[in-house]
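Each chain, letter by letter, is given below.
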Amino acid sequence: MLDYGLAPTAIIGYGEASPKKTPGKTSLEFCAEAAIEAMRDAQVKPSQIDAVFTGYTTVDPYPFFSAALSEFLGIMPKRHAALHTGGSVYGQIFAQAMLALGSGQCDMALVVHGDNRASGMSRKETIARNAAGAGHPDYENPSGMTVPAAYALAAQRHMHLYGTTEEQLAAIAVNQRRNAGLNPNAIMTKPLTIDDVMGSRRIADPLKMLDCCLVSDFGGACILTRADRARDFPNPPIHLRGYGEFMTHEYIVAMPEVTETGARQSGEAAFRMAGFNRSDIDFVQLYDCFTITPLLLLEDLGFCQKGEGGAFVADPGTISLEGSLPMNTYGGMLSAANGGILHFIEAVRQLRGEAGERQLKNATTALAHAQGGVFATHSSLIIQKDI
Amino acid sequence: MLTSKGSTAAACMTNGPFVTGLSEGRLMLQCCVSCEGWQHYPRPICKNCSGRELVFAASSGKGHVYSFSRLHVAPTPFYKPFLPYLVVLVDMEEGPRVMGHMANVEGLSIGDPVIFSALALEQDGPKVIGFERASGSGDHA
Chain A
1 MLDYGLAPTA IIGYGEASPK KTPGKTSLEF CAEAAIEAMR DAQVKPSQID
51 AVFTGYTTVD PYPFFSAALS EFLGIMPKRH AALHTGGSVY GQIFAQAMLA
101 LGSGQCDMAL VVHGDNRASG MSRKETIARN AAGAGHPDYE NPSGMTVPAA
151 YALAAQRHMH LYGTTEEQLA AIAVNQRRNA GLNPNAIMTK PLTIDDVMGS
201 RRIADPLKML DCCLVSDFGG ACILTRADRA RDFPNPPIHL RGYGEFMTHE
251 YIVAMPEVTE TGARQSGEAA FRMAGFNRSD IDFVQLYDCF TITPLLLLED
301 LGFCQKGEGG AFVADPGTIS LEGSLPMNTY GGMLSAANGG ILHFIEAVRQ
351 LRGEAGERQL KNATTALAHA QGGVFATHSS LIIQKDI
Chain B
388 MLTSKGSTAA ACMTNGPFVT GLSEGRLMLQ CCVSCEGWQH YPRPICKNCS
438 GRELVFAASS GKGHVYSFSR LHVAPTPFYK PFLPYLVVLV DMEEGPRVMG
488 HMANVEGLSI GDPVIFSALA LEQDGPKVIG FERASGSGDH A
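Quick mapping for you: the protein sequence lines, in order, are chains A and B. Anchor point for the first sequence: position 51 equals 51 in the working numbering, and the numbering is continuous, going up by one each time. Anchor point for the second sequence: position 1 equals 388 in the working numbering, and the numbering is continuous, going up by one each time.
Just to be clear, a hint being listed does not mean it is correct.
[What the hints assert, rightly or not] Label-pair ranges, simulated between beta-carbon atoms:
id : chain 1 : residue 1 : chain 2 : residue 2 : range
1  : A       : Gly199    : B       : Ala397    : 38 to 44 Å
2  : A       : Glu308    : B       : Asp478    : 22 to 28 Å
3  : B       : Ser522    : A       : Glu125    : 40 to 46 Å
4  : A       : Pro63     : B       : Gly412    : 40 to 46 Å
5  : B       : Asn435    : A       : Pro8      : 30 to 36 Å
6  : B       : Asn435    : A       : Asp232    : 51 to 57 Å
7  : A       : Gln359    : B       : Lys449    : 56 to 62 Å
8  : B       : Gly494    : A       : Gly307    : 36 to 42 Å
9  : B       : Gly412    : A       : Met209    : 33 to 39 Å
10 : A       : Glu167    : B       : Asn435    : 39 to 45 Å
11 : A       : Lys20     : B       : Cys436    : 29 to 35 Å
[Claimed, not checked] From chain B, some residues computed to sit far from chain A (all C-beta separations above 12 Å):
id : residue
12 : Arg430
13 : Val442
14 : Val452
15 : Ser454
16 : Lys514
In case anyone wonders, no lab produced these hints; they're calculated from the structure. All residues carry an ideal CB built from backbone N, CA and C; glycine is no exception.
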């Protein structure tokens, strides 16, 4: 175990905004809805919060997002930041809270991310922004690449090197749709078969429509405090045990090997801090912008060998709710809603025993992982309930 | 810059010879004077040895497919008429990996030899990094 001289911290409340498309609702309002629910859950008032860490909006014109949100909620924080780091931000905001609380600078932190990515943009704008934001403007975009194509480059090479199949990738989408069917907040709940995924519209070979995540509205928030203070609040604390982060590149043309991600280093750092082994993890919530993403993450986080991810996810005894390592138990970004913050919310919800029909039995320890860019930046968080 | 009229690399302090070279039909890669290592894309420092003296030299144009994807959905209306097309990552024989555009071909495999060609997607339009299948023993346009 490695505590970096930080006092232990814990999550004492969580909240989720409905991801159902709500025209007219801003990114701030999605964040506020989740934050207010998290404060209600933790029995905390805005005046008690002295640290606010947020992501960023890709839609609305709020350049200083954490300040705009703090003001909106009536919070005057000692520390605040809006991290603009891509999809890994969802883990990084927890790390910021861990540092601010654990070092004694602050007493109560709000971490929150939400955006109106579906209702705030037209379909055309969404496609244009995702395309323009995908690659390097000078060395990649002129080729005509897209976000799905960038991930497809990794999928294609993984298939070439290790014999991974499109059906194995499809198994991830099928499993997550099944989980989404047990999640009242999920957007897509109609059951899928492997054939449905295989027959869906081709986007960028080998990825098809149902290999791609949803673009939706979302919001999620957590309240954190030091573990020694957590007993003063009503909910069972969920402890932050380990955290790690790593970045290897920004643009996929500069990624050393497209089938090997920085999740290896971020995961190793998180496990080292927690003092845990892979076998200590009961379930995982892994960023799933495309089906290839969690497949590579499972390998790089050490839950299976490099190259064995395809066979691992296709085995009914692994990632399903009844399996040895349930993954994305709420449906994930592929079926429930966009926004990797929900991976972290679901991990907390499962550990609190509040996941309803999809509740895992005897789950005490979870790993949630977020990644951004095209496998560029990684954050891994290990959390645990009182045992 | 990606615009509705197509796109190519825009010149900045670091990449002038790359941009000029592409417009004239050459793939200019950066080479470090101290360690003689190659890199793409142009940067102000050698990523291998931290050397600050970097020069540009034309690539032979020969490389092998590192990975590729066939696109069925375009990023902007400009690219739509070219669908389906390939986006390829190519390891050039000098070492650096380059992303380029390739007209659709069937049966392309990772490891296949390809050759660079500066490609104007539109007549008289800006040139982009393009690739074609190499026909056997490295004949070079």
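So, going through the hints one by one against the coordinates:
1. Gly199(A) x Ala397(B): 38 to 44 Å: Hint holds: Cβ distance 41 Å, inside 38 to 44 Å.
2. Glu308(A) x Asp478(B): 22 to 28 Å: Given a distance of about 25 Å, which is inside 22 to 28 Å, the answer is holds.
3. Ser522(B) x Glu125(A): 40 to 46 Å: Once the Cβ atoms are compared, 43 Å apart, the range 40 to 46 Å for Glu125(A) and Ser522(B) holds.
4. Pro63(A) x Gly412(B): 40 to 46 Å: Taking Cβ atoms as reference, Pro63(A) and Gly412(B) lie about 42 Å apart, which means the hint holds.
5. Asn435(B) x Pro8(A): 30 to 36 Å: About 42 Å separates the Cβ atoms of Asn435(B) and Pro8(A), which means 30 to 36 Å is violated.
6. Asn435(B) x Asp232(A): 51 to 57 Å: Between Asn435(B) and Asp232(A), where Cβ atoms are some 55 Å apart, the hint holds.
7. Gln359(A) x Lys449(B): 56 to 62 Å: 58 Å, holds
8. Gly494(B) x Gly307(A): 36 to 42 Å: 24 Å, violated
9. Gly412(B) x Met209(A): 33 to 39 Å: About 38 Å separates the Cβ atoms of Gly412(B) and Met209(A), which means 33 to 39 Å holds.
10. Glu167(A) x Asn435(B): 39 to 45 Å: With Cβ atoms ~41 Å apart, the hint holds.
11. Lys20(A) x Cys436(B): 29 to 35 Å: Given a distance of about 54 Å, which is not inside 29 to 35 Å, the answer is violated.
12. Arg430: 10 Å, violated
13. Val442: 19 Å, holds
14. Val452: 10 Å, violated
15. Ser454: 4 Å, violated
16. Lys514: 9 Å, violated
This entry does not satisfy hints 5, 8, 11, 12, 14, 15, 16, going by the numbered hints stated previously.
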